[in-house]
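The whole structure should be built from the sequences, with the hints applied where relevant.
Protein sequences appear in the order of chains V and G.
Per this note's numbering, the first sequence starts with residue 253, numbered consecutively.
Per this note's numbering, the second sequence starts with residue 8, numbered consecutively.
Hints in this document: simulated from the structure, not taken from any laboratory.
Even glycine gets a Cβ: it sits at the ideal position worked out from N, Cα and C.
One should not assume that every hint holds.
What the hints assert, rightly or not - Restricting the straight-line Cα-Cα distance to at most 20 Å, the calculated cross-link-like pairs of lysine to any residue (SDA-like) are: (1) Lys448/V to Gly460/V; (2) Lys377/V to Arg19/G; (3) Lys448/V to Arg19/G; (4) Lys48/G to Phe492/V; (5) Lys377/V to Lys48/G; (6) Lys377/V to Val289/V; (7) Lys377/V to Leu347/V.
Stated by the list, open to error - Example chain V residues on the side facing chain G (calculated, C-beta under 8 Å, incomplete): (8) Met276; (9) Asp282; (10) Ala285; (11) Pro293; (12) Met318; (13) Val325; (14) Glu333; (15) Thr353; (16) Ile355; (17) Ile357; (18) Leu383; (19) Ile384; (20) Ala491.
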Amino acid sequence: MANPHPGSPLSPEEISRPTPQAGMSGLVNDWAAERRVFDMPWGKTMMWLFILSDVFIFACFLVGYMVLRISTVEPWPDASEVFALTVGGQSIPLLLIAIMTFILISSSGTMALAVKYGYAKDRRKTAALLLITALLGAVFVGMQAFEWTILIGEGVRPWENPWGAAQFGAVFFLITGFHGTHVTIGVIFIVIMAVKVMRGSLEGSRPGFLTGRKGNYGMIESLGLYWHFVDLVWVFIFAFFYLW
Amino acid sequence: MDQGSHQQPALRVYLRVWIWLFVLSVLSYLVDLSGLEGLLKWGLITLFMLLKAGLIVAFFMHMAWERLSIVYTVLVPPAVLLFLAALMALEADYTLSSRLGIFAS
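Written out as structure tokens, the structure is:
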């Protein structure tokens with residue numbers, strides 16, 4: 253399949269590169285040849301490495317959660333009941349979490365489309381999709397704040413809760429709080445990127461506010477990688493923390 | 008900057024992935040609602056989780072179209088996390104048995 257990300261303008265060094273080989277011989281060639289290994293804009297490589305480091309951070313949190321949950325002698329609170337929402341007098345388990353999951357997946361979809369239309373240089377669609385993504389992200393954070401409010405009102409603290417193992421609160425606030433922070437930061441950056449797209453900074457290769465780095469549509473792809481990663485983390489939190 | 012020779016994945020690829028993510032989320036939610044227990048429940052939750060993660064990484068994060076050098080750089084290191092998880096599960100199991108043994112009385 254053709255590589256869909258052309259990335260930033262070609263430098264002379266990139267133009268003189270050998271055409272990439274497919275499969276394993278390409279891998280060997282990338283690492284053995286006397287040149288940069290990753291044939292992509294540096295911003296994207298750095299985003300991937302940042303994501304890799306963040307994978308380890310979240311994995312440590314989830315492994316820590318597993319250790320606490322296995323080793324406690326008290327019963328672990330049942331997430332289905334803890335996170336149930338009462339609608340019309342009926343208690344529906346995990347309703348809020350399910351809605352949050354759908355919202356985050358939707359935002360991932362709109363982000364993927366924003367990257368696509370960015371490369372197609374369709375400024376209006378890209379900006380609109382970015383703003384929808386940011387809006388969905390903000391709604392997600394808002395619902396998380398709502399969920400925290402409910403739980404704090406019910407007496408959940410990092411050191412105690414009314415239903416069982418005391419570690420529940422610590423793990424819950426740490427993991428969802430860290431994830432919510434990631435979502436919040438993502439929303440801020442997506443709004444900034446939407447403004448850049450709208451005023452044509454990426455097309456005009458204008459440098460940013462805090463950096464001399466010139467704008468290009470590859471930036472939306474890097475931001476998209478971050479946003480999809482945030483969604484990816486939620487997939488694991490949803491499964492391990494809420495469903496397990 | 009010439010990007011004409013490169014092609015973005017077609018719109019329907021994204022839409023299809025999107026729909027599948029919705030379907031898999033509904034399925035994992037149904038597992039919780041259905042009250043399944045034990046290995047079947049955990050197996051299904053893990054299966055749907057991995058399928059969703061795979062779809063997001065492969066299509067939304069474009070891994071399916073990347074060179075192997077970046078694919079391996081990103082995907083191989085997290086594999087050691089499974090080893091960490093296994094070690095810590097053993098450790099936690101030991102902690103639990105000590106707690107039960109010492110604090111039970």
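Now for the hints, and whether the structure bears them out:
1. In summary, the hint linking lysine 448/V to glycine 460/V is supported, as the alpha carbons are separated by about 9 Å, within the 20 Å threshold.
2. With a C-alpha separation of about 17 Å, the suggested pair lysine 377/V and arginine 19/G falls inside the 20 Å cut-off, and the hint holds.
3. Among the hinted pairs, lysine 448/V with arginine 19/G is inconsistent with the structure: their alpha-carbon atoms are about 27 Å apart, more than 20 Å.
4. Proposed proximity of lysine 48/G and phenylalanine 492/V is supported: the alpha carbons are some 12 Å apart, at most 20 Å.
5. Our distance criterion of 20 Å between C-alpha atoms is broken by lysine 377/V and lysine 48/G, whose separation comes to about 41 Å.
6. With a CA separation close to 34 Å, the supplied pair lysine 377/V and valine 289/V exceeds the 20 Å bound.
7. In summary, the hint linking lysine 377/V to leucine 347/V is not supported, as the alpha carbons are separated by about 32 Å, beyond the 20 Å threshold.
8. Restraint check, methionine 276/V versus chain G: the minimum CB separation of about 7 Å is within 8 Å; hint holds.
9. Checking aspartate 282/V against chain G by beta carbon gives a least distance of about 4 Å; that is within 8 Å, so the hint holds.
10. Nearest Cβ of chain G to the Cβ of alanine 285/V: about 11 Å, over the 8 Å cut. The hint is violated.
11. With its C-beta approaching chain G no nearer than about 11 Å, proline 293/V sits outside the 8 Å limit, and its interface hint is violated.
12. Hint status for methionine 318/V relative to chain G: holds, with the closest Cβ pair at about 7 Å, below 8 Å.
13. The criterion of a C-beta within 8 Å of any C-beta in chain G is met by valine 325/V, whose closest approach is roughly 5 Å, and the hint holds.
14. Checking glutamate 333/V against chain G by beta carbon gives a least distance of about 11 Å; that is not within 8 Å, so the hint is violated.
15. With a cut of 8 Å, the hint placing threonine 353/V at the interface with chain G holds, because the nearest CB-to-CB distance is about 5 Å.
16. Annotation: interface hint on isoleucine 355/V violated; nearest CB of chain G at approximately 11 Å, more than 8 Å.
17. Interface hint at isoleucine 357/V: satisfied, since its Cβ lies 5 Å from the closest Cβ of chain G, which is below the 8 Å cut-off.
18. At a threshold of 8 Å, the smallest CB-CB gap from leucine 383/V to chain G is about 18 Å, leaving the interface hint violated.
19. Because the beta carbon of isoleucine 384/V sits about 13 Å from the nearest beta carbon in chain G, more than 8 Å, this interface hint is broken.
20. For alanine 491/V, the interface hint holds, the least distance from its beta-carbon to any beta-carbon of chain G being 4 Å, beneath 8 Å.
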